[in-house]
Amino acid sequence: MAVSSSLFTSSLQGSMVAPKTLKCYREYMCSPSNLSCRQSGYSKSVYLTHLRLLPSGKLLKREQTDRVSPKDRIQCCAVQVENAPSFSVGKKFQLDDVIEAQQFDRDILGAIFKVAREVEKIEKNSPGSQILKGYLMATLFYEPSTRTRLSFESAMKRLGGEVLTTENAREFSSAAKGETLEDTIRTIEGYSDIIVMRHFESGAAKRAAVTAGIPIINAGDGPGQHPTQALLDVYTIEREVGKLDGIKVGLVGDLANGRTVRSLAYLLAKYQDVKIYFVSPDVVKMKDDIKDYLTSKGVEWEESTDLMEVASKCDVVYQTRIQKERFGERIDQYEEARGKYIVDQNVLDVMQKHAVVMHPLPRLDEITVDVDGDPRAAYFRQAKNGLYIRMALLKLLLVGW
Amino acid sequence: MAVSSSLFTSSLQGSMVAPKTLKCYREYMCSPSNLSCRQSGYSKSVYLTHLRLLPSGKLLKREQTDRVSPKDRIQCCAVQVENAPSFSVGKKFQLDDVIEAQQFDRDILGAIFKVAREVEKIEKNSPGSQILKGYLMATLFYEPSTRTRLSFESAMKRLGGEVLTTENAREFSSAAKGETLEDTIRTIEGYSDIIVMRHFESGAAKRAAVTAGIPIINAGDGPGQHPTQALLDVYTIEREVGKLDGIKVGLVGDLANGRTVRSLAYLLAKYQDVKIYFVSPDVVKMKDDIKDYLTSKGVEWEESTDLMEVASKCDVVYQTRIQKERFGERIDQYEEARGKYIVDQNVLDVMQKHAVVMHPLPRLDEITVDVDGDPRAAYFRQAKNGLYIRMALLKLLLVGW
Amino acid sequence: MAVSSSLFTSSLQGSMVAPKTLKCYREYMCSPSNLSCRQSGYSKSVYLTHLRLLPSGKLLKREQTDRVSPKDRIQCCAVQVENAPSFSVGKKFQLDDVIEAQQFDRDILGAIFKVAREVEKIEKNSPGSQILKGYLMATLFYEPSTRTRLSFESAMKRLGGEVLTTENAREFSSAAKGETLEDTIRTIEGYSDIIVMRHFESGAAKRAAVTAGIPIINAGDGPGQHPTQALLDVYTIEREVGKLDGIKVGLVGDLANGRTVRSLAYLLAKYQDVKIYFVSPDVVKMKDDIKDYLTSKGVEWEESTDLMEVASKCDVVYQTRIQKERFGERIDQYEEARGKYIVDQNVLDVMQKHAVVMHPLPRLDEITVDVDGDPRAAYFRQAKNGLYIRMALLKLLLVGW
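Protein chains in written order, with UniProt numbering: chain A, 1 to 401; chain B, 1 to 401; chain C, 1 to 401.
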């Protein structure tokens, strides 16, 4: 399974833990200080009712009972488990953290999308707009990403929640002061109910989740994961095309470096009869790990150099930006690559009526501005869907289904 | 009309569009994605009820009806217009955006000031303090301006609204990523109900307003406009002096570079029997465009080098900071200019009892600190009035009169 | 009393005003603009009911009555005082600002701690969680300190209040623009109900408090004060050990430069039968001013080089970080100092069962990670206590006892 562990990183170095530890239950090794819990092992048959999802009163009470030996605490948690309803399909969707796209299967994706549609209908000042009242989200951004941050903060506030913002979280762990990420998380979890974190290092979100006693959402960790982007992409396809089984998707542009298209390809493999076309300049072709993975899952794929032909067949043309910063000093290669596959009026002309153009944004000129006015230009709706997906995830992590 | 098009810029280059397009209605060229609308043309006889001012439920519904052809949409908007109440004086004040001081005439200024006085009286936790509950304002600042940003954010929160903050919006449109302002606006409008924008380029706010389907407030765009500052200045004069017709105003300091005094002169021309005195060092004298404009409007003005004499006659002494950054390497000229006209106790001594000293802040030493204690020192009250003007504008743009 | 004036600074230069002006009443020298008040003098027998603690309606009304001569205003304030209840123990706790640890005596510390315990019990969406609804706190940070800022902002929001954030407040007073701190404060107090301020200059918070008509909380001013840290340390000892009289405290690490341990030593001197051990590398020993002060107050103290022996006797082992930045180019000295006294499992082994390890955070490796799981590791609980102390202070300053 080494292949899939590197699916979301473009290099095999620093690869993540093996897939079988990806879904895990939380073993309650609670320190008296903050009920910090450690993720470990894997057990399909054991699901704990997450302590932090209890009404805050109970959680607070527990925090105050200091000096209980670790052993006593585990017992206490066990009692909690016994009180939980018996395991059911519903329990499968228990969300503790959102760390990587791989943690979601087809059923849980469908369930999250259903919630996203519900929160989409929430009207200003309706009761629904207050379901996260009293909850506090900390956006702990070690590198700025205004777009992602505002999307999460809007999501929280649209549901009545409050936000603590930081875009200079590097200060916490500056070389000079040298605090570990784990210590920072233990401090911030004292101030908030959920942490949305962006980090420059692959795997940082997982480390945070292992430490934290409150839910962590990964808003991007280096070249690694950006799971909420992957979710909103799949959600947008379902919304725009009306289905996920049997669709044809053209992935266009920088397929080597874009974590977005890699995650998307991975998630699409969870659906039936999907066909994927890769259309990219030679220097940024889709890597073999994804191709092998798709093949192993029985997903049809092919590479093409003919954008027009692909566009005429597809339900979704997913365009991406050629990332200049990946080319270093080879500006000539960059210039050649960026001009090669442009989605313009000509592409629209061959696309089917029901098909859509998507893009993770920001775009440069890989989609011409005259495309914007066409109903099939779905990329700004796609960005808006990011709001609904994040509202859904915040709701699920904080107050449950 | 070339003169007035450059009234608010200190150079004629990069001047704004001709005045006749300044007031405009919104032609609904709605793309299915976000009801984005384009401002164009000018018609005094046509006022549309702004779609975005409808209860959010209706607007949401509309956003969800994808795939309607552009033509259908326009028809649909037309129906909306037919349902609107018949045109009246009240309709004249329909505010869509706040882009430049020129968009306001005497009547609308008076009406805004009336609202400003009302919001000033709102008490903590009274019903009035919740009139913007559920609304979300995004402060999209491409350059930091903490003072202006905090004033807007305070205004929004004092009315029960919520805020998404960014002071590093340049990241959106960084050279590396190269996103256009228009794309950024289309993304942010998906997260918020109103955008307060500060930009380093003259005309940026207008471009944003053309793109956005939600209201835009210009919080300063380069050397161009800072309309809420202009409004709070006029409001302060009315509050402090008790009238605007028949007043005498001394504009002192850097009259060449300060957009504040240029805007103020322009707005004062809308009132009767106003007399304006220009008192400034030679190198930063008021430019001819404003003088010509005042003359064309029948506003009396004169230049003077005698601050004491002017101060003794005026109702308002409006002092400004000599902006060092405008002098480049001519530090000698700067030093000469900055020390020339200081408002101090001596100036106060000759001022009339009812007159006031104003300043847009921050100040250096062009007003001495011993003036602060005098009741006629109005500049901190002026800053506070900025809060009320912004509360009024937010209310008007989001929930109407 | 020169000693105590330098207690909280590590050098005698730039020392603060003499202790007898530390507690002071506010003399109402109100300017019509903003009821700004000046602290001056000292009088144990006079306590004013702080005007700003009146219901906002009254305060607003007063702000609107411009043009009252300063003399009239003072009279008006005097009337206010007459209406106040007669002086009692309760009145002694009237909090106007939180500027330095010295302003608190044993009684007021106890009273604040009692409130801290009460706010700790406030549950989500209970009435208690809304006691600061409608209040607006501005965090005016001239240097970033994300940890402290988030703690204050969380405290405000946990009580239903709202926040205006700035971490780049230096812009206000940039060399280019040159605004004074006083002018900035006068502007910001127009937008908010309380200012939490962090500054790079010792004494800045006091200057702000003298200017402001609303409460100021010092969140650290240069090498000077960080009173809320001092309070949360004492609060944590009381919570963890159960008492303050008769305790034994080992202060470990950088005792020369850490303002935390200096403040703590000072505050501990207010309690009975306290014994303090200083354990530090030679280059960062506790300075004589604190030792002399403790002696003068009858507090027993001794220096030791044996951490194990001290740890075995103490109720509290208060570890601190050796601050690399204080050593300049003497990296060798730093390396020697930092490795000398580490709290690890061996130290835990000799500590008493009821004793605790504290640390102001962030830590490097002066406490090993394996200590974290021990119930006696109190440092993350200590950080959390900062939240409760700040909630208590915000409540007291804004709505009183």
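Calculated from the structure, these hints are not laboratory results.
Computed from a prediction, not measured in an experiment: that's the story for all the values here.
Some clues are possibly wrong.
Heads up, the list lumps identical chains together, so a pair's fine if it works in one copy or across two of them.
[Said to hold, decoys possible] 16 Å max Cα-Cα, derived EDC-like pairs, lysine to aspartate or glutamate:
1. Lys177 / Asp292
2. Lys291 / Asp332
3. Lys248 / Glu309
4. Lys177 / Asp365
5. Lys340 / Glu309
6. Lys133 / Glu179
7. Lys324 / Asp370
8. Lys340 / Glu366
9. Lys291 / Glu143
10. Lys324 / Glu179
Hint check:
1. Taking identical chains as interchangeable, the C-alpha atoms of Lys177 and Asp292 are never at most 16 Å apart, the minima being 44 Å within one chain and 31 Å between chains.
2. Taking the shortest alpha-carbon separations for Lys291 and Asp332, neither the intra-copy value of 28 Å nor the inter-copy value of 54 Å comes in at or below 16 Å.
3. For the identical chains of this complex, Lys248 and Glu309 are intra-copy neighbours only, at 12 Å inside a copy versus 73 Å across copies, given an alpha-carbon limit of 16 Å.
4. In the homo-oligomer, the alpha carbons of Lys177 and Asp365 lie at most 16 Å apart only across protomers (11 Å), although the nearest pairing inside one protomer, at 42 Å, exceeds that limit.
5. In this homomeric assembly, Lys340 and Glu309 come within 16 Å of each other (Cα to Cα) only inside a single copy, at 15 Å, whereas the closest approach across copies is 71 Å.
6. Taking identical chains as interchangeable, the C-alpha atoms of Lys133 and Glu179 are never at most 16 Å apart, the minima being 32 Å within one chain and 35 Å between chains.
7. For the identical chains of this complex, Lys324 and Asp370 are neighbours neither inside a copy (24 Å) nor across copies (44 Å), given an alpha-carbon limit of 16 Å.
8. Taking CA atoms no more than 16 Å apart as the test, Lys340 paired with Glu366 passes inside one copy only; the shortest distance there is 9 Å, against 56 Å between copies.
9. Proximity of Lys291 to Glu143 under the C-alpha cut-off of 16 Å is found in neither arrangement, the shortest distances being 31 Å within a copy and 44 Å between copies.
10. When the C-alpha separation of Lys324 and Glu179 is checked against a cutoff of 16 Å, the pair qualifies only between copies, where the shortest distance is 13 Å, while the shortest distance within a copy is 33 Å.
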